[in-house]
Amino acid sequence: MLDVSKIRQQFPILHQEVNGYPLVYLDNGATTHKPKVVIDAIQQYYEKQNSNIHRGVHYLSQLATDEYEASRETVRKHFNADHLHEIIFTKGNTEAINLVANGFRTLLTSTDEVLVSAIEHHSNIVPWQMACESSGASLKVIPMNDKGELDMKAYESLLSNNTKVVAVNHISNALGTINPVKEIIQLAHQVGAAVLVDGAQSGPHSHIDVKDLDADFYCISGHKIYGPTGIGALYGKEEWLNKLPPYQGGGEMIATVSFKETTYATLPHKFEAGTPNIAGGIALKTAIDWLNDIGLDNVMAYENELLEYATQELAKIEGMRFIGEASNKAAVISFLVGDIHPYDMGMILDKLGIAVRTGHHCAQPVMDEFCIPGTIRASFAVYNTKEEVDRLVEGVKKAQQMLS
Amino acid sequence: MASIKDIQQDIIDEFDMFDEWMGKYEHIIDLGKSLPLIEEANKTEDNLIKGCQSRVWLHANKQEDKVVYTADSDAIMTKGIIALLVRTFSGQKAQDIVEADTNFINQIGLKEQLSPTRANGLVSMVKQMKLYALAFQSQN
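Chains as they are written, first to last, in the working numbering: chain A, 1 to 404; chain B, 1001 to 1140.
If you are wondering where the hints come from, they were derived from the structure by calculation, not from laboratory data.
Be careful, since some hints might not be right.
In silico DMTMM-like pairs for lysine to aspartate or glutamate, Cα to Cα no more than 25 Å straight-line [as the list claims (entries may be wrong)]:
no.	chain 1	residue 1	chain 2	residue 2
1	A	K397	B	D1101
2	A	K398	B	D1101
3	A	K398	B	D1016
4	A	K397	B	E1045
5	B	K1043	A	E252
6	A	K398	B	D1019
7	B	K1024	A	E17
8	A	K398	B	D1030
9	B	K1033	A	E17
10	B	K1050	A	D339
11	A	K398	B	E1045
12	B	K1033	A	E394
13	A	K398	B	E1112
14	A	K91	A	D112
15	B	K1024	A	E113
16	B	K1111	A	D368
17	B	K1050	A	D350
18	A	K397	B	E1112
19	B	K1130	B	E1020
20	B	K1127	B	D1101
21	A	K153	B	D1010
22	A	K397	B	D1030
23	B	K1043	A	E369
24	A	K397	B	D1074
25	B	K1033	A	D350
Using the sequences and the hints given, assemble the complete structure.
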């Protein structure tokens, strides 16, 4: 059982007033707040460990390198990956997808197909569009049903020997749908396609087991799992990472350099050009350790409770329309109330000290599919409470009264 | 016709009556509801200013030496601010519009509405209103 008040105490930012009200932060899908230990880890790095990694022989450089590489090991364990060199640090989920999609530019041909789903974030659409544009491959879309679930029959019929890549999110940021990624991967492998799983939203809410899923690529953002911004991690199967060309050139990613020829470093450094976000990398370990100390099973159970309570209470509001009602859903609620524009609702909730996301959530195709301009999205984290859900419900009612 | 400055002062006085944000917001919402709508025929793709959060349509035409604006938005709060901008600028001389500032929005405590980060299309709309005025002015 979680002691939420104890957890809340660890988040300095939560204890403030916004527009005269105690802050209710329900925009965790965009970014989560950071526990004190993570903030301390960043400060500690700059105060006591700061040095460039992988190159110095001096004490501090060694210390920083050890800490940074210890974080890679933590990510490996967290992902249940076989090898340390299968973990690439990136600046976030978006860069991870770009790294992979960019590499596929040289592997794709004009008869090849890339499948993405109808409920992707722009960051798992646009890099693939760019890869298709430069390689001549085609982009196909796995459709969804009215509840915001992927149409698995349609997916199966889209798969063919031309399919080279399938890119899907584990959990949809706009709707909260948990996709059956294991099944998606199994089916893709039957036609020899590689699968990239965008784990931006699953990172904070669920276990990640790349071995069990048999994922070819899996990526997360640090800032969505209670860690710093500017750091993320990509898991790639060794054989795939070896096939992909380097993403960026520079220091760190080379073995030898001459004006005639440069040879590249081995994994993972081949994909890590330049000085990385060392502080972020080190603090990411702290964040993952913190999350695992609470226990993902506890987190999932508690967030489910919040989801059920919020859904039940919001449903009592007249004109409430949930967008995305998948039977397997994470603690994300996208909704509209009557004809009220999500922007208007968001403005008033903000004035009441309630932070939600409004708009298309960087998933315009999803909104087009539902023929709506956007939604109001409340996304929960482990530090949210039922009292905060009540504040949201009251806020929505107040806004409705003002706007009708 | 009152000058732009006078109208802006009237608006500032009008909003001074409200002590709290809620009153101000309710007034903005009322203004949004009562904004004369843009003619459907003018709600074209060309007249659409795409904000990330809300959409704004703006139409301008010249009547003698004055510029007449009509506008609309899909969000009522945005529409309320539009009503204030139309009230200030519509029917004024092109040159006066070009030279006018929009600081009154800050003074009535709705600064955040005209912030580029709100992405509600209003910043682009003000720019567009001035561009129309500039274009009409150069026709003279």
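Verification of the hints:
{"no.": "1", "hint": "A/K397 to B/D1101", "in the structure": "violated, 37 Å"}
{"no.": "2", "hint": "A/K398 to B/D1101", "in the structure": "violated, 34 Å"}
{"no.": "3", "hint": "A/K398 to B/D1016", "in the structure": "holds, 23 Å"}
{"no.": "4", "hint": "A/K397 to B/E1045", "in the structure": "violated, 34 Å"}
{"no.": "5", "hint": "B/K1043 to A/E252", "in the structure": "violated, 55 Å"}
{"no.": "6", "hint": "A/K398 to B/D1019", "in the structure": "holds, 18 Å"}
{"no.": "7", "hint": "B/K1024 to A/E17", "in the structure": "holds, 21 Å"}
{"no.": "8", "hint": "A/K398 to B/D1030", "in the structure": "holds, 16 Å"}
{"no.": "9", "hint": "B/K1033 to A/E17", "in the structure": "violated, 31 Å"}
{"no.": "10", "hint": "B/K1050 to A/D339", "in the structure": "holds, 20 Å"}
{"no.": "11", "hint": "A/K398 to B/E1045", "in the structure": "violated, 34 Å"}
{"no.": "12", "hint": "B/K1033 to A/E394", "in the structure": "holds, 24 Å"}
{"no.": "13", "hint": "A/K398 to B/E1112", "in the structure": "holds, 20 Å"}
{"no.": "14", "hint": "A/K91 to A/D112", "in the structure": "violated, 29 Å"}
{"no.": "15", "hint": "B/K1024 to A/E113", "in the structure": "violated, 54 Å"}
{"no.": "16", "hint": "B/K1111 to A/D368", "in the structure": "violated, 31 Å"}
{"no.": "17", "hint": "B/K1050 to A/D350", "in the structure": "holds, 22 Å"}
{"no.": "18", "hint": "A/K397 to B/E1112", "in the structure": "holds, 23 Å"}
{"no.": "19", "hint": "B/K1130 to B/E1020", "in the structure": "violated, 31 Å"}
{"no.": "20", "hint": "B/K1127 to B/D1101", "in the structure": "holds, 11 Å"}
{"no.": "21", "hint": "A/K153 to B/D1010", "in the structure": "violated, 63 Å"}
{"no.": "22", "hint": "A/K397 to B/D1030", "in the structure": "holds, 18 Å"}
{"no.": "23", "hint": "B/K1043 to A/E369", "in the structure": "holds, 23 Å"}
{"no.": "24", "hint": "A/K397 to B/D1074", "in the structure": "holds, 21 Å"}
{"no.": "25", "hint": "B/K1033 to A/D350", "in the structure": "holds, 21 Å"}
Checked against the numbered hints listed earlier, the structure breaks hints 1, 2, 4, 5, 9, 11, 14, 15, 16, 19 and 21; every other hint is satisfied.
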